[in-house]
Amino acid sequence: MLSRVAENLYWMARYLERTENMARLINATTLLLLDLPPGARFGWEILLQVAGVGELYRKHCGPPEETRIMRFLIADERNPGAVLSCIHQARENSRTFRDVLPAEFWERIHALFLFGRDHASAAANRHDRYAFLNELIAQRHALAGLLLGSMSQDTADQFVKLGSNMDRADMTTRIVDVTTAVILPQHDSLREAVGESLWIGVLRAMSAFEIYRHHISAQVCSNQVVDFLLKNDRFPRTVKHCLSEMEVALALLPNSDGPLDTVRRARKRLDALRLDDLSPAPLHEDLDQAQKDLSAIHHAIHQEYFDPLAQHRTPDPQWTAIC
Amino acid sequence: MSLLSERYGEQSAYDELIDAQQQPRLAAKALFAHLLRLDPSALAARRQEAEAAILAMGITFTVYTEAGNIDRAWPLDIIPRILSRREWERIEAGLKQRLRALNLFIDDLYSAQRIIRDGVFPCEVLEGSHHFRPVCVGIHPPFDVWAHICGSDLVRDQDGTVYVLEDNLRVPSGVSYMLENRRIMKRLFPELFQNCRVLPVDDYPSRLYDTLSALSPRTGERPVVVVLTPGIYNSAYFEHSYLAQQTGSYLAEGPDLFVGPDDIVYLKTIAGPKRVDVIYRRIDYEYLDPEVCNPKSVLGVPGLMTAWRKGTVAIANAPGAGVADDKVVYAFVPEIIRYYLGEAPILPNVPTYLCMRAADRDYVLAHLAELVVKPANESGGYGILIGPRATPEERARFAELIRADPRNYIAQPTLALSTSPTLVGDHLEPRHLDLRPFILQSDQLHVTTGGLTRVAMQPGSLVVNSSQGGGSKDTWIVDREETPCSLG
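Line order of the protein sequences matches chains D and F.
Sequential numbering of the first sequence, starting at 1, is according to UniProt numbering.
Sequential numbering of the second sequence, starting at 1, is according to UniProt numbering.
With the rest of the complex left out, here is chain D (with noise of 0.2 Å):
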């Protein structure tokens, strides 16, 4: 597979990832702040610095209020990572590889982007911005099942996952890592119900309330969840699985020691992790080294896969073999 088509699945992949975890974060994020008490001290912003655009976001719009921030996060050309933005990039990214993947794939991606353009104005009302975005999550899953069903278990599928699972891993420590830094109120039990409330929020952003009930507890407690979310090796959005499947993926690929090395350190690095103290600073530093680590994981197939010229400048008599 050429280079360029390899990287270009790989972003494609994450674009849309990102598309979807925005969608289910703010849907989630809406529910949530409807419950919350008038004391609760924390509001749409949390959605910008979850989204690393808190200050992309006050130089273009000014003091954050719901619907401006959602139009920011959902349709504004000037923020790369909204919604819209992403599906564009997906789309765009897919052009340059329509000879590898299924016809159908180009159709449906093309859709996507048609629905999202035509109804992003459903985005300054809650009512409509709910049924919106789900609608875009679920044409994504269609997207996600087309590849499933209709690709061999060759070079492309396993850069989609690695894209998939990065942005998943990426987005699942933002959530934990903004999370964990909200100031709950004072008073004693309103600072219970509302840090509950928070990670069931948090749960449901990410389809894992129920499973979380099922598998882990009855009682939602930011400890647990925590850990729940970074090393539970089975659910799919934990930064275990997403390091584990990249792990697989990568085994398939050719000359992956590399790439290989940096999952397996970050993944090492994560089984050490103790959460039982949650206290904001020390945890904010585990995270900060679980970006890094998710961050030496891209540059290492960026390095190996996507930039081959960086090592193959000079011919080198082991070509002859792989030609």
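Just so you know, these hints were derived from the structure itself, not from any lab.
Just so it is clear, the structure is predicted and the values come from calculations on it, not from any experiment.
We treat Cβ as the ideally placed atom computed from N, Cα and C, and that holds for glycine.
Any given hint could be a false lead.
What the hints assert, rightly or not - Here are the computed distance ranges between Cβ atoms for each label pair: (1) F/Ser12 with D/Ala138: 51 to 59 Å; (2) F/Glu370 with D/Glu104: 47 to 55 Å; (3) D/Arg264 with F/His140: 54 to 62 Å.
Unchecked claim - Reference listing, derived: stretches of chain D covered by chain F, where coverage requires no fewer than 3 residues with Cβ under 8 Å from a Cβ of chain F: (4) 87-96; (5) 110-120; (6) 244-256.
Unchecked claim - One-sided and incomplete, this derived list gives chain F residues near chain D with beta-carbon spacing under 10 Å: (7) Leu55; (8) Ala56; (9) Gly231; (10) Ile232; (11) Phe238; (12) Ser241; (13) Gln245; (14) Ala252; (15) Pro255; (16) Asp256; (17) Leu267; (18) Lys268; (19) Ile270; (20) Gly272; (21) Pro273; (22) Tyr382.
Since the structure of chain D is provided, determine the placement of chain F on it from the hints.
Chain F in isolation, oriented as in the chain D frame:
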């Protein structure tokens, strides 16, 4: 027939489907029997269905404007253009004859130049050529074939004669739209395809692959074939990716390729470099290799020309093939056919005045208002003067252009291009059209069954280029016209 607009009573041009008595021609009878049984709203519904399918399938082409590049949905008129198989077979033979002769001609120009020494082709035409590449002299590509993929434009005039209007030998495009048009039409009118004998077109990707792989310098293994595209901002990118997909080739951009010190072309893949055997280039010669051609090109591959000259890689169309894609050379094609093949040309040329000849030039300058004037080396319908429709100022400007560079201009009589019924609202109006079949040559010759019919969507307009608002039609070659198909 109530479907036809009143314009059909007034027109003098030859119509492809309707005869002078306003009755369907033999090959179109079954189609009209079917159309007449649909009510008008059904026709409009099918058109909407076609538009929806085109949008959903993402069949687009790109138009460059100052406001940025616009991806436009491909315009398809759902009324097919129909030719009988008998007529088509003659055209097909004529197209093969033409490409064989043109390839012998190109090969001769880059070696002994017999045709010039024998006084059949004037030396000064070659000297004034924009596309003759001295760097190609002495090269012998496989089968001595230079132009492997040719798109020739055919037109029909008032008396029904089919002429070749031009031969596109550089990077002709449009074949993917021919294939997609058919795919959509089969979705829309399955019952017609079931009952009429419309010959299939979908073997083109296989024939293209055969043509390309026959050029491979390595024998034995399945050759590595690459479609070389300028990238997603090219107006024909859809076609490039489509053809790569359909032929199982790699779709590569210049930076995906490099030439090693062994003068072999490699693809950059995730498993390391992979040797390339055949490049189907969809970029112009000028951008192929910044070491030889335009040094500023970022689309090309440094060292590619050296690799090609050494024969480690085949390029289709070969560099230098464009020398025959020149409207002055065009005027000599009948002579070229007689000279190399000793045969009479099967398909006639449109009569052409060469402004480089004093007598022709005087005639052209005196009759600008009646003629179509074309620059010798442009494509896409750019830089053309349609005399009868031009303003006096435009004609004066062209007169100056011709005097300044007579070698670069030719003129032809304004043809009354044929028309074909085209859906406008809920009835059919005549619109002018042409036909671009694609001809392949390497070890074998192959012609598409029909080709891409391009139609001018404005009433009376003669401009069919999609970049200038033209549309397209599915082209049906219908077998067994003598027994009209049953619609039982």
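Cross-check of the supplied hints:
no., hint, verdict
1, F/Ser12 with D/Ala138: 51 to 59 Å, "holds, 57 Å"
2, F/Glu370 with D/Glu104: 47 to 55 Å, "holds, 52 Å"
3, D/Arg264 with F/His140: 54 to 62 Å, "holds, 56 Å"
4, 87-96, "holds (count 3)"
5, 110-120, "holds (count 3)"
6, 244-256, "holds (count 3)"
7, Leu55, "holds, 7 Å"
8, Ala56, "holds, 5 Å"
9, Gly231, "holds, 8 Å"
10, Ile232, "holds, 5 Å"
11, Phe238, "holds, 8 Å"
12, Ser241, "holds, 4 Å"
13, Gln245, "holds, 4 Å"
14, Ala252, "holds, 6 Å"
15, Pro255, "holds, 7 Å"
16, Asp256, "holds, 5 Å"
17, Leu267, "holds, 6 Å"
18, Lys268, "holds, 5 Å"
19, Ile270, "holds, 4 Å"
20, Gly272, "holds, 5 Å"
21, Pro273, "holds, 5 Å"
22, Tyr382, "violated, 26 Å"
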